[in-house]
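**Student:** Chain by chain, the residues run as shown.
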Amino acid sequence: MATAETASRPSFERRLPISQILLWVAGAVLAALIGYWLIKNAVESPDRFLEVTLIGITNGSIYALVALGYTLVYGIIELINFAHGDNFMLGTFQTNGIVNDGSFQIPLFPTSFVLALPLGTAATASSSSGQKIYTILMCLFFSMLFCMVINVSIERIGYKPLRNQPRLVPLITAIGFSFILQDVGLVWKDAGPQPLPNILPTGNIFHWRGATYGWNDFIVIAVTIPLLIALSYLVRSTRSGKAMRATAQDMDASSMMGINVDRTISFTFALGGALAGAAGAIYALYIGTSKFDLGFRLGLFAFTAAVLGGIGNLSGAVLGGVVLGLIQAYTEGFWDARWTTTVIFSVLIAILVFRPSGLLGEQVPEGQ
Amino acid sequence: MSDQASPETPKAPSRSSSTLSSWRASYRRYRNEHKWLGWGIPLAVVFLAFSYPWWGLEGPLAFVFNDGLGIDSDTLFNMSVYVMLALGLNVVVGYAGLLDLGYVAFFALGAYTLGWFGSGLFTNLDWHFLDTNASRLPGIHLSFWVVVLLAGAICALAGVLIGWPTLRLRGDYLAIVTLGFGEIIPDVFRNGDDIAGHNLTNGVRGLTLLDRPGFGERIHDASGGILPVRYTSLELRPWYFTVLAMMLITIFVNLRLRDSKMGRAWIAVREDEIAASAMGVPLMRTKLWAYAIGAIFGGFAGAVYGSFINGIFPTSFSFQISVIVLVMVIVGGMGNIWGVIAGAMLISWLNFRGLDKIGAWISDVPGVSNDFSIAKYKFGIFGALLVIMMLFRPEGLIPSTRRKAEFAEGEGQATLYDARA
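Residue numbers (our numbering), protein chains in the order written: chain A, 1 to 368; chain B, 1 to 421.
With the rest of the complex left out, here is chain B (with noise of 0.2 Å):
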């Protein structure tokens, strides 16, 4: 371990030079002058977010936004989701600096856990609680709030379950062992429906018929009308509104554990384990509150998008979800919640909409042939943006400015992955 800069005064980055940085750096400064704006912005990004339904989807900017650049209700969701998995991830592989190739299975985990208790899959039941369907069907139906708590314990416990053994491996010792989870637990989801006999998945078949969101007749009158009394696929704002909510709770937890004493350890970790543990960090307890708080927000988003998209198959949890989440974080900037937002709003963009929309543009270009197809270099994009940030801007486009002295630092760190607690 060569000597390193004290994390008070994180060295001059020495590739500081760049466009957006300066950009940073004058708005920095322009913030100080003009305090308001410290908590001016973030209100109008959520007003603007909130809004989005009225100047995006119809209205006036429709034409750029919905028509232009394909951001429609579907889209829109997707995003959201995405953005809360990437925070999510932010906590593992951001700020606790833990590598999670296997990030998918507590997406995965979350929605099954909305399957388990929120469809008709155990049909010999018949538990209800609070839920909000129009008549009384069998199976396990709990009100949708209750399953998405629910659906962040159990990915939680889980969490600390895969952790408590793995999180004393070293970094790539330990991505590997992640990643192996992250294709056992869908694996375990496919081949669910003959375990001793009982069906817990419904195997490839996939689970259907989930329950929706909603508020019941009570609260909906009470509310003058306002909040459904279940959400339908026809009414998409209603989602978008819950998603964007659980969002904002994703983004204030993710703040303020990072100004917290475990957000600290989390650094402190992430910088150098030995030097954390030798000032008292507890290594493994730190590490897996990290983990299992990740779990807990890929939780949430999987209750989220299994009732969305109102299907829960093995085959979409997939090696590629959890790529392409660590791809938003990394692209985005590690550590950073800005960043992260807005790299997985970017990357979710493209993944859903803006490569077609891009492969229709170049389609137009007189001279391309129009059997010419984008979606098969998805794959090559996705993974030439790695290669590209991790050889250029290892720190990502907007990173914290601890990270990226941290990435220039280099060498020093060489070793810091040998710890093992």
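This is chain A alone, in the form it adopts within the complex (with noise of 0.2 Å):
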């Protein structure tokens, strides 16, 4: 941002400091060699790249659909949701009693018990396509729902009162919700892994030599993009989006034009949380297991995401969900499944120091 700002300016000379261009030469070295490494994994495997690089962007597209959530609520109220990664590993939990036990489910919290709402919904690997279709969508929706409720729920209860302390309050705040969502799975399903049934259609959509793409591949993307396109549709032209980058632009200005600034908060985050579900519940379905304490290294994956699209940005954090799953995918695939976190986390932070502003820069105020 800062260097298109200079760049119009015609009567200041810019000079380089030595450190910024032996940085810069830097990074275009370390660029080349990942360029280099990837060609060279890809020439001497091709089918094994293409697999990976499917594989990246399925994964990706689950990144961008939690890394939405962050960037979306960033936008509006400039506070990083930490909670949301739980958030999301509920809409897991969710939609793993929806396929095992047939019902929606209300934990109680502090208690163990469990508020249960039968749809028949109960499904296995051998149940009829039919079934299958309806507990895919009732999965879908009741997750959304869920997590919906959550986050709107944690916004009113936690962030709303503490909008004009200082940054740091909310952000304590969200560690905290973060904890106690942690510990509501925990309560709710147990410790261990929460396998689910795969109910996901089976087979391949093409073969190439060793690198397959199969039809539970292919579902991930068919439920992400129409969800993109509808948000994409609502933050622009509808009023409540309209509203939305209103708020993200100048609260105080928005609401003295009478936009009802609680809501249009309120809004953001229950758009943020339904994304948070529908990934939790494709995550649930494609994955096919997960765990309670699953939220806080995927969120903080998404989180990366978000930041290295541009934080604040929608389609920034599209793009850096799929750039992000095609690190986490090349990482795997050619290097040494150890390192992913190390890399990611390395990725967040480079960005962070020497472009705060993400691939595609900051375009907070004008939404996308």
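Just so you know, the hints here were simulated from the structure itself, not pulled from any lab data.
It is possible that part of the hints are untrue.
Said to hold, decoys possible - List of simulated lysine to aspartate or glutamate pairs, DMTMM-like, C-alpha gap at most 20 Å:
1. A:291 with A:101
2. B:357 with B:67
3. A:242 with A:262
4. B:376 with A:190
5. A:242 with A:252
6. B:378 with A:190
7. B:376 with A:293
8. A:160 with B:172
9. B:261 with B:271
10. B:357 with B:74
11. B:378 with A:293
12. A:40 with A:332
Claimed, not checked - A few chain A positions that, by computed beta-carbon distances, are all more than 12 Å from chain B:
13. 134
14. 216
15. 246
16. 257
17. 288
From a predicted model like this one, the values you see are computed outputs, not experimental measurements.
Even glycine gets a Cβ: it sits at the ideal position worked out from N, Cα and C.
Combine both chains into one complex, guided by the hints.
**Tutor:** Structure representation (structure tokens):
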């Protein structure tokens, strides 16, 4: 953002400090090495490269959905909503309950009791395809609803009263909520991994040498893209979307213009929660297992994606999600899965230090 | 930036009517009339702390402290280590106002420093310097006291290296970057058993058989047998006294730092970065010092902890520890040493023993099932503590007056963290 400003100003001569030049050179060398490494792998085993890339894009689209929740909230109240990843985890648990027990469940938190609303959605791998489609749709719907309600309640209870406090106060509150949600998951299900049967269609769409692309991979994309289009429409073309963008730009001015800021912020949290719920449903169905502490790591990865694309920028979050998915896939596919965490957090730190505005730049006020 | 009250006269906080505050006020008044309390009370507390093994562990009050509250030697040691950690984090979060979510990195680095310089990890080396082991073991074995200092130095260096590129970031971005480092460093230790073919950390198997502190034969004899040759896992009192002494040093350094030129610079940076910078406070250097000094205490604590546990495993340095230490600082009162110590003692007691004890008490209540497990609620309780503190008392239980005024001011600070050097 700073470079664009200075470039358009003709009168001042820009003198780059040596350290800046060295930094750029180092960055270019690093980029060239990574590019060489990728091309080398692509040439050596093109089928494997294709397979890894497809895995990356599929995982990346899940990251993108979660990242959108971070970016929406950050765009409007500049808060890193730490609880978002754990909200996503609760979405996976809800999906788990819908598939395994056939009911929509509301955990009555401090106790281990669960309020169950039977939906007749219990399905296994051998159920009829009609039953499977019904279950998948119910998973998506109820998981989105569930996470939406959680996100909005957290905002109402925790963040709204702290809107005028120093920024670190709501941030610490968000960490607190992250721990609470983790505990909700722990008390609701147990500490171990929570498996669920594979009810996504099996079989390959195409098969090229060693690389395969299955229907289950396709479903992830097929759910994600309509959601992104719907979100884009919501933010660009509806009154609520306009109110959201106005609030992000200037909260005081928009409240003077008659926008109900509180409701708009809640609406933003609802949108973010719904996306986290959808991501949770897809994750649980696609990966087939989830765990109560899944949200922390995955949430941070998704946050990295949001930062990578430029936090506050919706298309940036999607791009960042896909790029992050690719980074993870290439690290795991061609190097060593043990180093994934280190690689991703290094990317996060490097982006924050060298280009805090992300790949697509900070376009917070204008929405997208 | 709206107008702020001048730092000399903090505004009367709006929520000052709580009982705790009025107690504090009347205590202040009483202390002003009786000057000797200023040094008398700390001295009494130090005496009580050092004599705890004789009145709390065993002796007259053992049935309350050791049996009732479960503060045995292990818990006592852990509590003291966490007090050190909290005091170290207090320099970063409380004084300089930099939210550090990766403090566990320094704790881990301190422990691994002990692993490098006080264990048989590098078997083909044979370096010894004043070590107090019974026989000459392979590996690097430096005197434990040297290792502790080394741990502090290495952590300070790491703090500067991490802080140098990142401390110019805005508050919440800084929090994320420190969190990133807090995840990366244990991850590197976890995968460090095969870095270009070298085993640097022994990976997930962790490091065991670590050197213990000790004074050697000569000092042992010279002190008339009071200072032990080497600490054992059976006699825990020397461990407690050692960590207590280190804690006292930490408190002393904290106090002196707060009143030093550097401490005043930290508070100025915390309150208003731009104004501090305009007054000639070098932002980067001030923040780097805070970060490095905080890291030193983390390193000290890590080295002692590793030696006491006699095992260092990458899994024991998780994000949860960073958050628990942060909870201690926040619950106690950011920036106030006494608040932080109280918070650290309370939270670490809850963490190590208290919750289990409370769970057992609840299970004893008739009508509650026996399989009630409070351990399941640990996360939730700490999370709820954070949320409740932030909502109702963001300045902590025993806040520093200054910090309280800052929080009461509220909105004036909203843009404080936008400044980027």
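**Student:** Can you list which hints this structure breaks, lowest number first?
**Tutor:** none
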